[in-house]
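The primary structure of each chain is shown beneath.
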Amino acid sequence: MTSQTECQADPAQCNPTETLNGAHIFLRSLIAEGVDTVFGLPGGVILSVYEALPEYPNLKHILVRHEQGAAHMAEGYARSTGKPGVCLATSGPGATNIVTGLADAYYDSIPLVAFTGNVPTTLLANDAFQEADIVGITRPVTKHNIIVRRVEDLAQAIKEAFHIATTGRPGPVLVDIPKDVLLATATFDYGAAKIDLPGYRVQETFTDNDLEATLELLKNARRPVLLAGGGVVSGGAHKEVLAFAERFKLPVACSLMGLGGFPANHPQYMGFTGMHGHYWANIAIANADVLLVVGNRLGERQTGNPDRFARNARIVHIDLDPVTLQRNVEALVPVQGDIRNVFGKLLAMTEDMTAYQDTLARRAEWYQSIDEWKGRRQPEETPEDLLTPQYVIERIFANMPEDGFITTEVGQHQMWSAQRFNLNRPRSFITSGGLGTMGFGFPAAIGVQAAHPGKTVVDIAGDGSFQMTLQELACARDYNLPVKVAIINNSHLGMVRQWQDKTWNRAPESRVTSPDYVKLADAYDCVGFLVTSPAEVDEAIQKAFAINDRPVIIDFRVREKSDVYPWVPAGGANEEMLTEELPSEVQ
Amino acid sequence: MTTATAIQQTTTQQAACKVSATVYCLVQNRLGALDRVLHAWTHRGIIPQQILSTRDERAGTLQIMVSCDIEDRRALDKLVKCLQKQVYVMDAYAEEDSASFEQAETETVKVPAKVAALFLPAYRKQTARS
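Protein chains in written order, with this note's numbering: chain C, 1 to 587; chain V, 588 to 717.
One chain only, chain V, in its complex shape (with noise of 0.2 Å):
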């Protein structure tokens, strides 16, 4: 396959996705735990526009944000339930959210503290909610 092919078909691959969406998960900080909460999108073929993790020292914790593009609401839906079963996970949900999505990509890049600015609230958010 020449690089050509590549770049073609992973264009028409997102090009083919329906919903953008920031997936939140928080983790037991475990040795392992953030593999296996990446290897969920591996294993879907999908490739992350952008992954964003902070640790919490003093809670043993850690907050990770994963922005991608996928196929339809109800891959999304499969995709945080198969995250909410693995063992290290303590809270996983998702948000439909394009514009939030290229709005972190420019900013984490620049600014790592900005990271728990983006994340914790909408976090926060939710557990409020639950």
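If we strip away everything but chain C, and leave its shape as in the complex, we get (with noise of 0.2 Å):
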């Protein structure tokens, strides 16, 4: 028999025949699928399989304190890598835990493959103890599910999982394993393992009709913009895209899931579009007469009231996912395949620019046209001794390195941070946008730093959402992983007391008290900042980066009421979002 530690070093040893119980054939198939890190907690049902555990020492294993923490990590481990991040529940509670991450990962196309333990096929439909039907729970917030009832597919399961999860539009999928299945035992062949799924087709139907009418529309544009979203990402798409975008000379602007599919400081770059997006982007989309949508869903965020969303511009929609093509926005050219394979064929396709080139002598006037809506919109004026949150954000971007990851919790702060993200590389801004999880952030910041060992990540964060799940610090603190936490410390749910104050003039039940966050490092044995005023800034982010052995906290006292501005309110028109001072530009 191959022991444990050579298989583990090179699957190809495994014996193809051996006969193992469930719980090693759990651990040898993510073995197999490369997996070299899990997030979990034990429980009663999976206890055989942390009991075979330390026989894979190259499986790390990272204990959190809460299940939805494990998912949160394992979002962040995938965010951060494109690698498919795998957690692991116990059932009932343990398993119920995790749907938060699930749905998150869901509504953000992220592949996660969970695995929850269950009670005995025997004891299923008995309510028994810790029993929750947890296939039936996460039905709808999964790409996929499935309860093994027999050890003898557990592998095929396992294999079938991550396909799915990493292939198509990727997305999570649960694997419910009941604790009589780990216990028994079957022969072990991974290779021989099929995935039997003929239903599963990852089709591209695209022609090149849609090729070539994309680029007749952009042959006659005056006024185009590339919008990126979270596709350009998750496809892998940056490079090509950024390409062609610099061959039309398109003006480009990333949705907030975009953000880092097209570099921040490239003269192209328009920022963040949407709700809280810039000024200009939103405008020059309002304006533009040709509009390429790259891997977005056109979501109500992204477009405000659809029906005027872009209305002056004729919409080529690029995306792999069928379900997403004219559903939100009608598009005249809908495009349906692997962005990177659309834009290497649109690529392909003009290498030779001469006859796109009266539309690229008339790009100067619509990048002064942009220009000037940006010279339009001035800084707000911040005196110099108050601390606000904008400015403290600003300061972190100011100070991270190139090869640094932010997340961010869901609320003011993330707006502000997608409107400062000036970083240049995509899977750099890990942040929940689908679901919106308050307490994402944090766990996915240690997600991210287990995966990136050596990195600076730094968790933009809420005083109302760090105290979601604040109390994975003790895990980030055994694995002496030393992510940074800055808290935008306003006393409130900040969005929350946004929106209400400016619908109904008052904000009940909005204002959120704390700890003492330097009080609660120090308990968790981190090490903990407290900055009151914007002379300390700096001095406490350096600092906080300059740690690496620990999490750290900074505790950024800010002032309580600043408001995100642009704000598009619900069902108003993009170019209708409220600012300080400007009126509607569309023309």
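Simulated from the structure, these hints should not be mistaken for laboratory data. Treat the hints with care, as some may be off.
Unchecked claim - In silico DSSO-like cross-links for lysine-lysine, where the CA-CA straight-line distance does not exceed 30 Å:
1) C:239 with C:455
2) V:668 with C:159
3) C:219 with C:249
4) C:374 with C:239
5) C:345 with V:668
6) V:605 with V:668
7) V:672 with C:345
8) C:345 with V:665
9) C:249 with C:455
10) C:543 with C:561
11) V:672 with C:194
12) V:668 with C:194
Hey, can you piece these two chains together into the complex? The hints should help.
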């Protein structure tokens, strides 16, 4: 029999016909899939897995304090690496605790494979202790899920789970394994496990006509814009999109999930668009005559009122997911296909740009208009002695190394961060876009740090959000993961307060208290700093960045009532965004 | 909410529907496949008028026919696309046909064997087309 260590070192050395119990089959299958890190928490029905785990020393297990943390850490790992994240939870409450993470991954198209234990098959549907129908519960928030009822089916289920999670539009897959399946034995031969999914086809239906129509629209465009979404990042298409945008001199805007999909320091980069997007980027889209929407589902936070989104533009919508096309906004040219492949072909078709000289000649005028809109937007004036959240976030980005990572929680600080994002690589901005999960950022940062030792990882947090998952400080400390948590502490659920104030002129139940974060950090054997004035900001950030053996919290006590602008009120058109000064600019 | 109110609301919702359609779906007959298909209606707040399913043991498939009223053609198209995306779904398409819906409703309850007779020709027609 091959030893576990030998098998792990080289999966090819695994005896292909070994008889193993379900727990070993599970762990061997993870190794065969190239998994190096699992985020989990043990419990009754998965103890056999934990019993076997020490025999696989290269399979790193990160012990969390709450299963929601495990799911978000796995997301952080996946979002920052592009590889599937893996989490493990026990049955019942352990399983239900990962639901938020699964939903978060689902709405942001993150490849996540979650494993849960369940009560023995003989007890299923008996209301047994810690039994939950987790497959039923998670059906709407997973790309796929399955309960494995026979140990003989376990390896195939795991192989299919990784295949589904990582191909096509990525997404979370849950595999539920009853206790007796983990204890029963079967012949393990991962290579022989076949993917049996005849209905699951990752198809591309775009044709040359679609691409020619796209180029024809661009040939005559006077005011084109490219809107890059999260699909550019997850599809690994950033290089092709950059090359195409440069070839056609297209101004580029990014959605929240698309940030990093186009270099932020590029002269053609306009910024972030949508409900709290940059003024000039939203106005440019409103005035565009051709809009290339790439890997973006055009959700309502992106479009505002969809009937009035980019109403002057003929829209080309490029996406791998056919469900996304023609759903919220009608496109003149829907292009269903892999973004990298589509742009690869568009680039090949436009190596000779002779036919496009007219449109390129008009570009200077278009950029001039955009620059004028930028020029009209003045930054807020801030008293020098007042610590504003915007200033703190600007300074965090100013101090970030180019190879660092930003995660965020959800709320005002998230939008200010998106507006100030200045990194130039995909997968460097990790945020909860679709579900908007407060409490996401800190565990996600731990997952990012676990995947990228030695890199600077900063969670820009709100005081409300951080208190939802701060127990993972213990986890980060256990593994010496030096995540930096920058708490933009305004003593409020800031975005809630903003909406309440502006809608009803009062804000009940939006004020939140916090613990003393410096003492909290100390209690967890971490490091804490308190910052109350602008003069202290840079020094605190630099001191925090220099610490590399444990988590650091910086408690920035900022002005309590700052609002995020621009702001498109729900149901409004993006060009009608509220700013301090500006009227609609639609021509 | 009283029962009378509930009935009244249901009636109103149905009256607002503009398209009667039958959705045909061929799925790999694995545990959970049917649940995922039916969830597409639940998630949209649509109560099906009739659901018929037939197992093909040899092929390992389940043929599902769901009749329902739906908001409009675009909503129907989106429903079908959502079904096509499911991992176990091998094929899905819809036909707008309130007449066949009424016929199916009557016959299925009485004679389950006619389920296949109603369903399979339509499926064969579609696959031949594609």
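Now for the hints, and whether the structure bears them out:
{"no.": "1", "hint": "C:239 with C:455", "result": "23 Å, holds"}
{"no.": "2", "hint": "V:668 with C:159", "result": "26 Å, holds"}
{"no.": "3", "hint": "C:219 with C:249", "result": "12 Å, holds"}
{"no.": "4", "hint": "C:374 with C:239", "result": "26 Å, holds"}
{"no.": "5", "hint": "C:345 with V:668", "result": "26 Å, holds"}
{"no.": "6", "hint": "V:605 with V:668", "result": "19 Å, holds"}
{"no.": "7", "hint": "V:672 with C:345", "result": "25 Å, holds"}
{"no.": "8", "hint": "C:345 with V:665", "result": "28 Å, holds"}
{"no.": "9", "hint": "C:249 with C:455", "result": "33 Å, violated"}
{"no.": "10", "hint": "C:543 with C:561", "result": "28 Å, holds"}
{"no.": "11", "hint": "V:672 with C:194", "result": "21 Å, holds"}
{"no.": "12", "hint": "V:668 with C:194", "result": "27 Å, holds"}
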